[in-house]
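Chemist: Chains A and B supply the protein sequences, listed in that same order. The first sequence stops at residue 115 when you use the numbering used here, and every number in between is there. The second sequence stops at residue 111 when you use the numbering used here, and every number in between is there.
Mixed in with the good hints, there may be bad ones.
DEER-style ranges, computed between Cβ atoms [claimed, not checked]: (1) Glu15/B - Ser66/A: 47 to 53 Å; (2) Pro21/B - Pro61/A: 37 to 43 Å; (3) Glu68/A - Leu39/B: 28 to 34 Å; (4) Gln92/B - Asp18/A: 16 to 22 Å; (5) Gln92/B - Glu44/A: 16 to 22 Å; (6) Gln80/A - Asn56/B: 43 to 49 Å; (7) Asn13/B - Asp63/A: 48 to 54 Å; (8) Ser5/A - Asp67/B: 21 to 27 Å; (9) Asn56/B - Leu39/A: 32 to 38 Å; (10) Ser28/B - Pro8/A: 37 to 43 Å; (11) Pro7/B - Ser96/A: 20 to 26 Å.
These are calculated hints, taken from the structure and not from any lab test. From the three backbone atoms N, C-alpha and C, an ideal C-beta is built for every residue, glycine too.
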Amino acid sequence: GAGVSQSPSNKVTEKGKDVELRCDPISGHTALYWYRQSLGQGLEFLIYFQGNSAPDKSGLPSDRFSAERTGGSVSTLTIQRTQQEDSAVYLCASSSPTVSLYTQYFGPGTRLTVL
Amino acid sequence: DAKTTQPNSMESNEEEPVHLPCNHSTISGTDYIHWYRQLPSQGPEYVIHGLTSNVNNRMASLAIAEDRKSSTLILHRATLRDAAVYYCILSQAGNNRKLIWGLGTSLAVNP
């Protein structure tokens, strides 16, 4: 079946502009995660959605970052007033606790470049 | 949160076994050990996970030390497609939302 998809694959923006990154999880997966990966670094947890529960936003680095998940499926990560340090690859993952609590399936990521 | 320590890089020859070590001396009794890998320009890919006993699947084997303070990911026959960054990660039981990712081990496979 289809895996996790993300769009756009690449995004170049100017400092101060807002950007929206989209994630389509695997159908039926109730858990969705956003991570950020800076060049040469490991993944940094940003936010987690599980079903209808309140999201875990503890990883969001500032109030410029927000995310929503509509209808328990598609998620959008929004970065307002982008800064150069926001440049990174943003990765989305989904999982199905009823299938495998410990396996996350990742999308290919969105490479964000802030000029 | 318990952390892991891995070598920055390792090298192997094609069709030879590869043993990727991971130290996690502060692991708690309920922490699971996960391994993911990330091929160039791709998102991470699940490899294997375990708690106490050794685990085998299609991709690899996971050997966990008796005191659980270290583990080893074993690729039985490395192929060129196994060249990737391998991450050893811990998570608490029932709470894999916050996997703490280190820098991983960059594995090079020579033909």
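Chemist: Given a hint of 21 to 27 Å, does the C-beta separation of Ser5/A and Asp67/B actually sit inside it?
Modeler: violated, 42 Å
Chemist: Check the following: the C-beta atoms of Asn56/B and Leu39/A are separated by a distance inside 32 to 38 Å.
Modeler: At roughly 35 Å between Cβ atoms, Leu39/A and Asn56/B fall inside 32 to 38 Å, so the hint holds.
Chemist: Take the C-beta atom of Glu68/A and the C-beta atom of Leu39/B, compute their distance, and say whether it sits inside 28 to 34 Å.
Modeler: holds, 30 Å
Chemist: Evaluate the given range 37 to 43 Å for the C-beta pair formed by Ser28/B and Pro8/A.
Modeler: holds, 40 Å
Chemist: Taking the beta carbons of Pro21/B and Pro61/A, is their distance inside 37 to 43 Å?
Modeler: violated, 32 Å
Chemist: For the pair Glu15/B and Ser66/A, does the Cβ-Cβ distance stay inside 47 to 53 Å?
Modeler: holds, 49 Å
Chemist: Does the Cβ-Cβ separation between Asn13/B and Asp63/A fall within 48 to 54 Å?
Modeler: holds, 50 Å
Chemist: If you check the beta carbons of Gln92/B and Glu44/A, does the distance land in 16 to 22 Å?
Modeler: holds, 18 Å
Chemist: Using the C-beta atoms of Pro7/B and Ser96/A, is the stated range 20 to 26 Å upheld?
Modeler: violated, 33 Å
Chemist: Using the Cβ atoms, figure out if Gln92/B sits within 16 to 22 Å of Asp18/A.
Modeler: Hint violated: Cβ distance 35 Å, outside 16 to 22 Å.
Chemist: Do the Cβ positions of Gln80/A and Asn56/B conform to the proposed distance bound of 43 to 49 Å?
Modeler: holds, 47 Å
Hint compliance for this structure: hints 2, 4, 8, 11 are not met, and every other hint is.
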